[in-house]
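Protein chains in written order, with the numbering used here: chain A, 1 to 251; chain B, 1001 to 1251; chain C, 2001 to 2251; chain D, 3001 to 3251.
By construction, these hints were calculated from the structure, which means they are not laboratory data.
As the structure is a prediction and not an experimental result, all values here were calculated from the model.
Do not rely on the hints blindly, as some may be mistaken.
[What the hints assert, rightly or not] Straight-line Cα separation of at most 16 Å, EDC-like style, residue types lysine to aspartate or glutamate; simulated pairs:
| no. | chain 1 | residue 1 | chain 2 | residue 2 |
| --- | --- | --- | --- | --- |
| 1 | A | K147 | D | D3066 |
| 2 | D | K3147 | C | D2092 |
| 3 | C | K2048 | C | D2092 |
| 4 | A | K147 | D | E3012 |
| 5 | A | K147 | A | E183 |
| 6 | B | K1147 | A | D66 |
| 7 | C | K2147 | B | D1145 |
Here are the chains, one letter per residue:
There are 4 protein chains.
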Amino acid sequence: MDEITIRFFGKEPGRDLQAPVLIEGLPGVGHVGKLVAEHMIRELGAEKVAEIESIYFPPQVIIDEDGTVRLANNEIYYHDGGDRQFLFLVGDYQATSAEGHYLLADAYLDVATACGVTRVYTLGGYGVGRLVEEPRVLGAVNRPDLKIEAESAGAIVSRDEPGGGIIGAAGLLLGMGLSRGVEGICLMGETSGYLVDPKSAASLLRVLNTLLNLSIDPSLLEQRAEEMEHMLQKLVDTERVSQDEELRYFV
Amino acid sequence: MDEITIRFFGKEPGRDLQAPVLIEGLPGVGHVGKLVAEHMIRELGAEKVAEIESIYFPPQVIIDEDGTVRLANNEIYYHDGGDRQFLFLVGDYQATSAEGHYLLADAYLDVATACGVTRVYTLGGYGVGRLVEEPRVLGAVNRPDLKIEAESAGAIVSRDEPGGGIIGAAGLLLGMGLSRGVEGICLMGETSGYLVDPKSAASLLRVLNTLLNLSIDPSLLEQRAEEMEHMLQKLVDTERVSQDEELRYFV
Amino acid sequence: MDEITIRFFGKEPGRDLQAPVLIEGLPGVGHVGKLVAEHMIRELGAEKVAEIESIYFPPQVIIDEDGTVRLANNEIYYHDGGDRQFLFLVGDYQATSAEGHYLLADAYLDVATACGVTRVYTLGGYGVGRLVEEPRVLGAVNRPDLKIEAESAGAIVSRDEPGGGIIGAAGLLLGMGLSRGVEGICLMGETSGYLVDPKSAASLLRVLNTLLNLSIDPSLLEQRAEEMEHMLQKLVDTERVSQDEELRYFV
Amino acid sequence: MDEITIRFFGKEPGRDLQAPVLIEGLPGVGHVGKLVAEHMIRELGAEKVAEIESIYFPPQVIIDEDGTVRLANNEIYYHDGGDRQFLFLVGDYQATSAEGHYLLADAYLDVATACGVTRVYTLGGYGVGRLVEEPRVLGAVNRPDLKIEAESAGAIVSRDEPGGGIIGAAGLLLGMGLSRGVEGICLMGETSGYLVDPKSAASLLRVLNTLLNLSIDPSLLEQRAEEMEHMLQKLVDTERVSQDEELRYFV
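All chains, full assembly: derive it from the sequences and hints.
See the structure below:
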């Protein structure tokens, strides 16, 4: 068994898969990156072209809707928009060890460079520990000249945020990509860190739309954000009502 | 020293060991899978044909009844019922690391395919955090068409349970088996998660009997379940009596 | 750098180092095994013949008496008593991972078999969670016929103790030794588990003396045990006096 | 991807890089060693000659001042003072695993010996759990005859301190260096263990200046130490004032 297996379903990197841009949205804080990447895949109708399995993922299967299991894996999607092509890296998991993180990022870059990728966007969340009304989008780059590009699109690129660096694939693809000819921009949507956050995802998508000169409709993400807010509001109201009722005992 | 050593005692896979079905019952929640598989081995009189040792198991020996130690290992049993043959995978341990889980499952599948296995049943428990009067048996499959088969035998196959996926050998044998031509059904007996649970094991065995068209007597498991219930009842009664006695001081 | 390095200082296994017996006393509960093995090395005047370094040991150096550091290592000692030869395995550490435990035990057995060892004694402590007035010595064996030998020498060989098996080198040398032609007896001195325990070590040494037909004087261990008891008694007395003095305030 | 990559920027070990002395100041307690080594690099104007990346480092990137990320790495600096040359090993991280610590230390020694290094100074902090007015500098050596040299320069070399040995690169470079012809002195500045400690770093630098017969100005470290003390004093004062104000409510 190989430590990392990337299985293509027919379309081969370089031959059938040619794309200048890779968009990574693996799980992380608030699942912000995952929400954005999966939303883009749905809206663009991108096609699944490969599955990645690895002994560095958690040793488990996931149960799909029909009771069918599938191995924990990550997936590569491809969208050919005629004049422009995109690759997407999404999935259920990141590595379970430091070594695994590095080796998986290296394998992702192998696929990327084989497909001619020269620019990677890595998407994530930036946990701030409180509910955020207007989530900002932070940016980081792997080459100084990309800073202006990210800022023009609405990202805030600063030294102080995020203070602890960027952990996992979102960081490593930038850090390891540079020496392999892949420039990169990491976008991080501000989020509480406590909930899956489609609102932050919608903010991030707006910045990414500008960067990619795309106009992917964020309304499904916004709708989901509204539903979550209603649900949260309902929870708060229920709580308040039950407190009111308890108080009546004392009236 | 090899990372995984599978030592056969004379009967060789393929030549002497031919079986379409492998039943896995390694340790897990409530030891439900282990109880069922070991019960079947006893009732069918299956024969131990191999031992598996690995640096991925905990680094320890177990002390057997006569003070003799043996290395932590897993074991393969074989039953030739004339027209039908079964392999069993049982033992003391699962891997201590994510990587080890994958590599061991891969080695188990090597043995299985060498023996001509095309169907695996993986057995486990499903912890629900409370005592269960009538334990249900949940099922998961690695190919959609197996769902009906599992349900007809009495298993409940649904998306929502178990929510967190299936961890360890019970999940990986299904997830990794598919691409190697091994179809699979996972059966999980509901159990509290606090105790070894022969009652849940008896429920699981009934479903497995139907699936395999066997009629292995579950009465020893049921008997053990009754003994455990008596013992628990006794504990509860003793507790109650001592509380009553304490109360008399106040009368 | 090799994962495990065993450096001999001139005397080579097989050629200069021939011994039927290996005695292992690596660190463990109450340091009982370590105390016994180091005491034997001192009393017999055994000679250090090899050092073992490994990436599986903790990544640190120890500061010796004169401020000189040395790498965390284990050591092999050799005693040639004329008609009888012994090897000793002692040191500062056991492995930091499950895999490391297995690979180190395998390397120890390589040395042992190269030196002609056919019998290993592994020494350890058995933590019982309370102070023990008369520490018993438990035994475990890797071949049923050794049970009587261990019992005749005063060890208690039973199924129930220790319940959780034997972890680390003391267990693995027995469990892995069998298939390599090395029979083994593990001796475990009862000990609280809270303190280094020379008293338990003295008890263990008496059993080992009988097994090896040696008469190594345990008096230094007994003396150290007495010193520890005096010290503990003093601590208790000091505590009592200070309590008495506190009480006087209330008189 | 290699497990450890050392990238030189043009100057090659042995050919362009020749130095008898390596000074290691990787992160550790109070960042004492890091502060000293980075201060020396600045004061001497040493030049960065190599970067070290490894799967044994934490899987993350650091965000630099301009929002540019760089992979977690360690760095080698070189100073050619005409009659004397120095190498420095500094950086952001130590290994995340025991095995990684050993393998990285081995790689550092490969570079050192390739550059002709025969003496290593490893710098660190020694946490004592309380604020230290006059931080002592403890020393440890990898050859007994170096003890006097360290003591003459003002280091305290004793068996009892630090009790737990020296963990990580500072220890391993000494412990592993000896057998590769690299003698070594480890200097540890006393520090609380709670704060980055430039005061302790200044003390350590004074000892190292003597050992190396250098006169690197410690005033920037001392200045930074004073600033920290002022800041701490201010915090204490603010705290006191706010307590006084709270008390007024009760007057």
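Open item on the list: Taking the earlier hints as the rules, which of them does this structure contradict?
Closed with: 2, 4 and 7
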